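Start from chain Z and add chains X and C according to the hints.
Residue numbers (numbering that gives the first Met the number 0), protein chains in the order written: chain Z, 0 to 247; chain X, 0 to 323; chain C, 0 to 287.
Everything labelled a hint here was simulated from the structure, so no lab data went into it. Given the structure is predicted, the values throughout are model-derived calculations rather than measurements. Note that beta-carbon positions come from the ideal geometry of N, C-alpha and C, so glycine has one too. Hints should not be assumed to be uniformly reliable.
Said to hold, decoys possible - Straight-line Cα separation of at most 25 Å, SDA-like style, residue types lysine to any residue; simulated pairs:
| no. | chain 1 | residue 1 | chain 2 | residue 2 |
| --- | --- | --- | --- | --- |
| 1 | X | Lys204 | C | Leu271 |
| 2 | X | Lys204 | C | Phe276 |
| 3 | X | Lys144 | X | Leu34 |
Stated by the list, open to error - Per the computed footprint, the stretches of chain X lying under chain C, defined by three or more beta-carbons under 8 Å from a beta-carbon of chain C, are:
| no. | segment |
| --- | --- |
| 4 | 100-111 |
| 5 | 115-127 |
| 6 | 283-290 |
Said to hold, decoys possible - Partial pick of chain C residues on the chain X-facing surface, computed with a CB cut under 7 Å:
| no. | residue |
| --- | --- |
| 7 | Ile34 |
| 8 | Thr93 |
| 9 | Gly260 |
| 10 | Ala266 |
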Amino acid sequence: MNGEFLRIDEVGMRFGGLRALDGVSFDVERGTVLGLIGPNGSGKTTLMNVISGVYKPSAGSVRFKGTAIASLPSYEVCNIGIARTFQIVRPFANLTVLENVAVGSMFGRDRKPTHEAFERAEALLETVGLARVARRPASDLTIPDRKRLEVAKALALDPEVLLLDEVMAGLNATEVDEALELLRAVNARGVTLIVVEHLMKAIMAISRTIVVLVEGRKIAEGSPAEIAASPQVIEAYLGARFAQRQRQ
Amino acid sequence: MIGIAGNRVAILVAALAMLALLFVPLAKSDYTNALFRGILMYGAMSYGWNVIGGYTGYVSFGNVVFFGIGAYAAALLATHGITDIGLSIVAAMVAAALFAVVLGIPVLRLQGHYFGIATLSIALAAQDLISNIDAFGATNGLSPKAATLFGAAVPYVVTYYAMWVVCALALAGTYAVSRSRLGYALVAIRENEGAAAVLGINPTKYKVIAWAISGMMGGGAGAVFVYANSYIDPATAFAVDNNVFPIVMALLGGVGTVAGPLLGAFILTAINETLWNHFPFIHTLFFGAVIVIVVLFLPRGLLALIAARRSWSLYVQHLRAYRV
Amino acid sequence: MQLFFQDLVNGILTGGILALVALGFSLVWGIMNIINLAHGTFIMLGAYVTYQLFVSFHLDPFLCIPIAFVVLFALGYVTQLSIINYVVRAPVLTTFLLTFGLSLLLENVILLIWTGDTRSVTTGYSGAHLDVGGITIPLVKLLTLVIALAIGGLTQLWLARTKLGRAIRATSMDVGAAQLTGVRVAHVYAIVFALSAGLAGAAGSLISVSYAFSPSSATPFLIKGFIVCVLGGLGSVQGALVGGLVYGIVETFASQYIGAGYADAVALAVLLVILVFRPTGIMGRATA
Numbered sequence: 000m001n002g003e004f005l006r007i008d009e010v011g012m013r014f015g016g017l018r019a020l021d022g023v024s025f026d027v028e029r030g031t032v033l034g035l036i037g038p039n040g041s042g043k044t045t046l047m048n049v050i051s052g053v054y055k056p057s058a059g060s061v062r063f064k065g066t067a068i069a070s071l072p073s074y075e076v077c078n079i080g081i082a083r084t085f086q087i088v089r090p091f092a093n094l095t096v097l098e099n100v101a102v103g104s105m106f107g108r109d110r111k112p113t114h115e116a117f118e119r120a121e122a123l124l125e126t127v128g129l130a131r132v133a134r135r136p137a138s139d140l141t142i143p144d145r146k147r148l149e150v151a152k153a154l155a156l157d158p159e160v161l162l163l164d165e166v167m168a169g170l171n172a173t174e175v176d177e178a179l180e181l182l183r184a185v186n187a188r189g190v191t192l193i194v195v196e197h198l199m200k201a202i203m204a205i206s207r208t209i210v211v212l213v214e215g216r217k218i219a220e221g222s223p224a225e226i227a228a229s230p231q232v233i234e235a236y237l238g239a240r241f242a243q244r245q246r247q
Numbered sequence: 000m001i002g003i004a005g006n007r008v009a010i011l012v013a014a015l016a017m018l019a020l021l022f023v024p025l026a027k028s029d030y031t032n033a034l035f036r037g038i039l040m041y042g043a044m045s046y047g048w049n050v051i052g053g054y055t056g057y058v059s060f061g062n063v064v065f066f067g068i069g070a071y072a073a074a075l076l077a078t079h080g081i082t083d084i085g086l087s088i089v090a091a092m093v094a095a096a097l098f099a100v101v102l103g104i105p106v107l108r109l110q111g112h113y114f115g116i117a118t119l120s121i122a123l124a125a126q127d128l129i130s131n132i133d134a135f136g137a138t139n140g141l142s143p144k145a146a147t148l149f150g151a152a153v154p155y156v157v158t159y160y161a162m163w164v165v166c167a168l169a170l171a172g173t174y175a176v177s178r179s180r181l182g183y184a185l186v187a188i189r190e191n192e193g194a195a196a197v198l199g200i201n202p203t204k205y206k207v208i209a210w211a212i213s214g215m216m217g218g219g220a221g222a223v224f225v226y227a228n229s230y231i232d233p234a235t236a237f238a239v240d241n242n243v244f245p246i247v248m249a250l251l252g253g254v255g256t257v258a259g260p261l262l263g264a265f266i267l268t269a270i271n272e273t274l275w276n277h278f279p280f281i282h283t284l285f286f287g288a289v290i291v292i293v294v295l296f297l298p299r300g301l302l303a304l305i306a307a308r309r310s311w312s313l314y315v316q317h318l319r320a321y322r323v
Numbered sequence: 000m001q002l003f004f005q006d007l008v009n010g011i012l013t014g015g016i017l018a019l020v021a022l023g024f025s026l027v028w029g030i031m032n033i034i035n036l037a038h039g040t041f042i043m044l045g046a047y048v049t050y051q052l053f054v055s056f057h058l059d060p061f062l063c064i065p066i067a068f069v070v071l072f073a074l075g076y077v078t079q080l081s082i083i084n085y086v087v088r089a090p091v092l093t094t095f096l097l098t099f100g101l102s103l104l105l106e107n108v109i110l111l112i113w114t115g116d117t118r119s120v121t122t123g124y125s126g127a128h129l130d131v132g133g134i135t136i137p138l139v140k141l142l143t144l145v146i147a148l149a150i151g152g153l154t155q156l157w158l159a160r161t162k163l164g165r166a167i168r169a170t171s172m173d174v175g176a177a178q179l180t181g182v183r184v185a186h187v188y189a190i191v192f193a194l195s196a197g198l199a200g201a202a203g204s205l206i207s208v209s210y211a212f213s214p215s216s217a218t219p220f221l222i223k224g225f226i227v228c229v230l231g232g233l234g235s236v237q238g239a240l241v242g243g244l245v246y247g248i249v250e251t252f253a254s255q256y257i258g259a260g261y262a263d264a265v266a267l268a269v270l271l272v273i274l275v276f277r278p279t280g281i282m283g284r285a286t287a
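Looking at chain Z on its own, in the form it has when it is part of the complex (with noise of 0.2 Å):
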């Protein structure tokens, strides 16, 4: 037992009216790969948010090795070690790949000088599969190679723990291996992993706890093979008659 690193405790979201997360609790141990899965709209976006600073929850705290993380804005979240990419990628499209990379190492935990910070940048991009197009501006990368982008500057600020919102999503069969086996590369180097992706075959091999959310609800929490049997998630996903079918 290595105490409490991560947790997440009865949090809540409202937009308005709506719901996104309803007392969401769940625990994160020190360098596992946790699968966060669910329909669409059912607040995986919305909690990586959370986590990562960008909303503020409206009920329940996050803590991060003992700090409460939830009120901090997600410059701070970043500098104590959780990184994070987006779905929407976002990268800062007239700077070049490698200076988008940079930038995430002279921020983030290292806070490098510039041309250290270069020095790594090239390295990673070596590691993400983008030397190549090092000096391009970013907005001529297409969009896998985006994907790697944003994983590629999360790295760069160094982090503990990496919250990865569908960065599998749009790659061919070959590109999800080649994406897998870097992430078992990063998780050996014991950056803990929170993976959120549509990709059930990808998710299923490389997450040990996948947690389940629907409509803003945890409703499994369990290994993969704990959680492919649950009949609840096969319900909710695949919908009500099919769990019945697959019984009888």
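The following block gives chains X and C in isolation, referenced to the frame of chain Z:
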């Protein structure tokens, strides 16, 4: 091209041009001195606008207040017997930077449209306030005595060199910013503030720093202007031209580059001077037209035009980009 | 107490014209997401057109309203199609600078034609006023308020009842969806911009009767229009009306108790106070 400083050759040319400007007073012509002092003054102000408007992407229509504050800081010091021009520049920079910080904390929270209009109203309000305060000479203005340096009286030409120093500091400061973490933070904020924040950049902090630097450049120019002009009143300090010229110069030269503002200051002053001599009434009309044309056809300024080979097709392309 | 009610009445009278000043500005902002920095200059053009018609042909300034509307409508239509249309989807920096350049250009055209002198339109009935229980109501300002309200009402009806009006409202909600249902967005935008300019022209006509004006009056009106939008919300006639009245009253009381010389400073203070608490305005919505 790597870096956010812009074309290296252009920066070198700008640096050489600055060195050459040191020799202008050798011509011993009051007209030439005044003309080139104008280039240096607007150059410094344009660098000031460029830090906040070009690098950080916060389009300020109120940067003239820094020039005004710098001018009044120097004039007030002079009415209290302090006429050292070096000290005046420093005091003006400090005053403008302080004002930028105090005002920036609320105003820089505003984005896009809101920031632009807020700064526009700051420019009006500042003129309003100073016109009503007797200590600032109200609408009558202030007339400081001639400048001194280290306690000794100095010839008038020192105002030229002082302006040169302010502009050189602005150029060097911009170059330093573009090579630093600060510069990358500003550009990241310009490109996408939300994405910058999740990379650990505190947007408010860096925006306020940028505006303070911006203020120092304009404030320094204002201090020297007071001694060059030997008179300041609200209408002169907050003149529309002082607000517009620096923006147009940065736009024309290239926003968010190190060489752009100085290049823009040269070209626009040259054109303006010609227009003044031949058509004294339409120079502002001309500036309006330049803004419209540059925004439509040369959004990255003349420097980009020089850099791009396939330039014309590029600009037609740009025209098509945002149409409905 | 007498003074209080007098100020209140003056504030409401000022508010009516401010609502009209803001209405066109609000339409372009709300529907096209463009802050038209030339709006104040459009208003001044309307005022000068009225002034010229009054001086040259002794035309009653209230009869000039439709003419000013039509002239500015045409100018707006041409401006949109030839210039603004190319930057409709561009970042704020671009549209901001472009309309700023446009305002400089037009302001100098005004300077060339009419010089920088302060002008006003003084008719035979300019001094007439009603006296209600000791409160003075200038006839011209009352008429101005009524006409401003009528123009606002007509605009509202037009937006709600006509096919083009509905197309405009559809475009403001979702450009893509409107396009799919066959709305010609470029045409809609041109009409919106033209209508906005036309309303500015009408506002200018009304301003010329009640206030002295010069080319440099453009910026204060622009800023007031902006503040009214921030107070009342974007793209709606009701919002402009509410915002206009609120700001008219605030401005009148401020000039009574703080001093008329501080009008611009008061405007800034109001703007900052609102925006600090609600960075995207009172009725604000997120804009990209």
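Requested in this report: Identify every previously stated hint that the structure contradicts and give their numbers, smallest first.
Outcome: Structure breaks no hint.
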